[in-house]
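Take 82 as the starting number for the sequence shown in the numbering used here and just add one per residue.
Because the hints were derived from the structure by calculation, they are not lab data. Be aware that a few hints might be false.
[What the hints assert, rightly or not] Derived lysine to aspartate or glutamate pairs resembling EDC-like cross-links, with alpha carbons at most 20 Å apart:
no.: 1; residue 1: Lys-225; residue 2: Glu-167
no.: 2; residue 1: Lys-86; residue 2: Glu-165
no.: 3; residue 1: Lys-415; residue 2: Glu-475
no.: 4; residue 1: Lys-415; residue 2: Asp-383
no.: 5; residue 1: Lys-506; residue 2: Asp-426
no.: 6; residue 1: Lys-532; residue 2: Glu-335
no.: 7; residue 1: Lys-184; residue 2: Glu-194
no.: 8; residue 1: Lys-328; residue 2: Asp-401
no.: 9; residue 1: Lys-415; residue 2: Glu-474
no.: 10; residue 1: Lys-86; residue 2: Glu-194
no.: 11; residue 1: Lys-448; residue 2: Asp-401
no.: 12; residue 1: Lys-238; residue 2: Asp-256
no.: 13; residue 1: Lys-225; residue 2: Asp-189
no.: 14; residue 1: Lys-448; residue 2: Asp-485
no.: 15; residue 1: Lys-448; residue 2: Glu-481
no.: 16; residue 1: Lys-519; residue 2: Glu-491
no.: 17; residue 1: Lys-349; residue 2: Asp-503
no.: 18; residue 1: Lys-107; residue 2: Asp-282
no.: 19; residue 1: Lys-83; residue 2: Glu-167
no.: 20; residue 1: Lys-238; residue 2: Asp-160
no.: 21; residue 1: Lys-484; residue 2: Asp-503
no.: 22; residue 1: Lys-455; residue 2: Glu-504
[As the list claims (entries may be wrong)] Here are the computed distance ranges between Cβ atoms for each label pair:
no.: 23; residue 1: Lys-484; residue 2: Gln-387; range: 39 to 49 Å
no.: 24; residue 1: Pro-176; residue 2: Val-457; range: 19 to 29 Å
no.: 25; residue 1: Lys-191; residue 2: Lys-519; range: 50 to 60 Å
no.: 26; residue 1: Lys-519; residue 2: Glu-380; range: 45 to 55 Å
no.: 27; residue 1: Leu-468; residue 2: Gln-387; range: 21 to 31 Å
no.: 28; residue 1: Thr-406; residue 2: Trp-299; range: 47 to 57 Å
no.: 29; residue 1: Phe-247; residue 2: Lys-184; range: 24 to 34 Å
no.: 30; residue 1: Phe-311; residue 2: Asp-393; range: 14 to 24 Å
no.: 31; residue 1: Lys-83; residue 2: Gln-292; range: 21 to 31 Å
no.: 32; residue 1: Asn-402; residue 2: Val-131; range: 40 to 50 Å
Every residue gets a Cβ at the ideal spot worked out from N, C-alpha and C, and that includes glycine.
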Amino acid sequence: MKEIKNICCIGAGYVGGPTMAVIAEKCPDINVTVVDINADRIAAWNDEDVSKLPVYEPGLDTVVAEARGRNLFFSTDVDKAIDEAEMIFMSVNTPTKTYGKGKGMAADLKYIELCARQIARVAKDDKIVVEKSTLPVRTASAIKNILDNTGNGNGIKFQILSNPEFLAEGTAIADLMNPDRVLIGGDTTPEGQEAIQALVDVYANWVPQEQILTTNVWSSELSKLTANAFLAQRVSSINAMSELCEKTGADVNEVAKAIGMDSRIGPKFLKASVGFGGSCFQKDILNLVYIAKTYGLDEVADYWEQVIIMNDHQKRRFADNIVSTLYNTVSGKKIAFLGWAFKKDTNDTRESAAIYVADDLLNEQAKVSVYDPKVVAERMYADLDYLNTRTAEENREGLEVCKDPYQACEGAHAIAVLTEWDEFKTYDWKKIYDQMQKPAFVFDGRGILNKEQLKEIGFVYYIIGE
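Please build the complete structure, drawing on both the sequences and the hints.
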């Protein structure tokens with residue numbers, strides 16, 4: 082296996098950009114080129130001002146500033162990067178299908194297929210192709226089929242590896258620098274093992290060998306879906322208990338602490354909330370459900386689908402509680418949202434609970450004002466427009482995006498905390514209370530505020546699971 086000197090990554094999004102930046106920083110002898118057909122996105126990655134990068138992740142700007150121009154490059158010339166690279170990462174979008182067979186569940190692989198066809202068309206020598214996107218099991222065989230059959234017929238050999246990412250947004254750089262594990266799946270043939278070793282050698286520049294796991298390609302693909310399904314299941318499990326706690330007088334945080342001290346269960350992902358979001362949990366579980374159904378495993382599919390059903394219920398319940406607490410009507414009332422991102426320390430809003438809570442409240446004719454420290458107005462409107470519940474004009478009329486949290490809360494009947502940004506805890510809550518309608522309600526969907534302090538000021542404070 083020839084030494085890896087050039088890596089190309091197709092897709093400059095939330096996975097491709099940060100992953101390649103860290104590889105470039107840790108492997109100064111390897112040239113890393115991230116390519117994307119979106120010229121605006123590439124321009125943002127190349128912006129002199131690293132605070133304007135298209136992805137917000139703590140620590141990413143420092144890594145990019147160090148490696149960019151040295152051995153990290155961002156380009157729209159996809160063909161050139163494919164041609165020069167010995168190893169190509171596919172990090173393109175694999176959204177849930179919105180059409181046809183498997184609509185609303187199966188992964189849409191059209192971008193992956195286009196990507197594979199482009200590699201096959203351009204490649205003049207053997208390549209290692211690495212799946213980085215979250216994909217359904219057995220995608221690797223489809224990619225291999227395309228590469229082997231649509232090439233330019235000159236006997237080029239492709240090896241397909243699966244190298245799923247286990248990044249948590251908001252801590253992606255730390256996760257890349259010190260991963261719990263790196264998983265690499267490939268063929269069991271000698272060529273497959275050689276390709277696996279080539280990728281192991283890249284990661285071994287900074288990851289201890291014992292944390293690099295190698296498997297067959299199917300196990301690797303399925304491990305990614307399973308990891309996200311298990312994490313999401315924990316969130317839905319504690320959220321299911323939160324509703325029971327509210328009815329019985331128990332406190333879900335006390336229950337979570339008690340069970341979290343059991344070393345078999347552990348304390349992580351046991352925070353009751355308005356529900357999980359992000360690009361992976363829901364998409365990967367729906368993918369798992371679809372795969373199970375295609376194999377006729379209906380009980381398996383139903384089991385995992387329940388995790389999504391519970392999550393959707395939790396978001397709807399939060400919105401319904403705001404309406405019922407505000408005397409069964411929010412029509413014409415201003416409701417202030419603190420947070421729109423699906424979690425703190427990221428500008429990613431995919432599947433964020435805020436979108437669905439806002440949608441429900443706008444259906445009730447509320448006036449929603451939003452402040453988020455990192456999410457831009459265009460993104461919020463695009464999120465609502467995507468639901469097709471109402472016209473783009475109606476969304477812009479019903480939702481006001483504020484640059485200042487105090488402005489967002491001024492004159493509001495209620496505040497809903499939808500993202501756990503640390504800065505929300507530091508606000509002058511007395512000042513906010515004084516400029517709100519009375520009674521002033523706070524619905525803390527993330528359980529981050531000081532309940533006693535807010536009650537003392539005069540707020541009617543609601544937290545999930547108490």
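Starting from Lys-328, check that the Cα of Asp-401 is at most 20 Å away, please. Judged against 20 Å, a Cα distance of about 16 Å means the pair holds.
Holds or violated: 21 to 31 Å for the Cβ distance of Lys-83 and Gln-292? 26 Å, holds
What's the verdict on Lys-415 and Glu-475, does the C-alpha distance respect the 20 Å limit or exceed it? Given pair Lys-415, Glu-475 holds - Cα atoms ~16 Å apart, limit 20 Å.
20 Å Cα cutoff - pair Lys-107, Asp-282: 12 Å, holds
Does Glu-167 lie within 20 Å of Lys-83 when you go C-alpha to C-alpha? 8 Å, holds
Tell me if the straight-line CA distance from Lys-448 to Asp-485 falls inside 20 Å. OK: Lys-448 and Asp-485 at ~17 Å, within 20 Å.
Pairwise hint evaluation, Glu-335 against Lys-532, where the allowed Cα distance is 20 Å at most: The given pair, whose Cα atoms are some 15 Å apart, holds under the 20 Å limit.
Does Asp-401 lie within 20 Å of Lys-448 when you go C-alpha to C-alpha? 15 Å, holds
Pair hint Lys-455 and Glu-504, alpha-carbon separation not exceeding 20 Å: 12 Å, holds
Mind checking the hinted window 19 to 29 Å against the Cβ distance between Pro-176 and Val-457? 21 Å, holds
Agreement of Lys-238 and Asp-160 with the hint, judged by alpha carbon distance not exceeding 20 Å: The hint holds at about 18 Å.
Honestly, do Lys-484 and Gln-387 meet the 39 to 49 Å range at C-beta? 40 Å, holds
Hints 4, 10, 12 from the earlier list are contradicted by this structure; the remaining hints agree with it.
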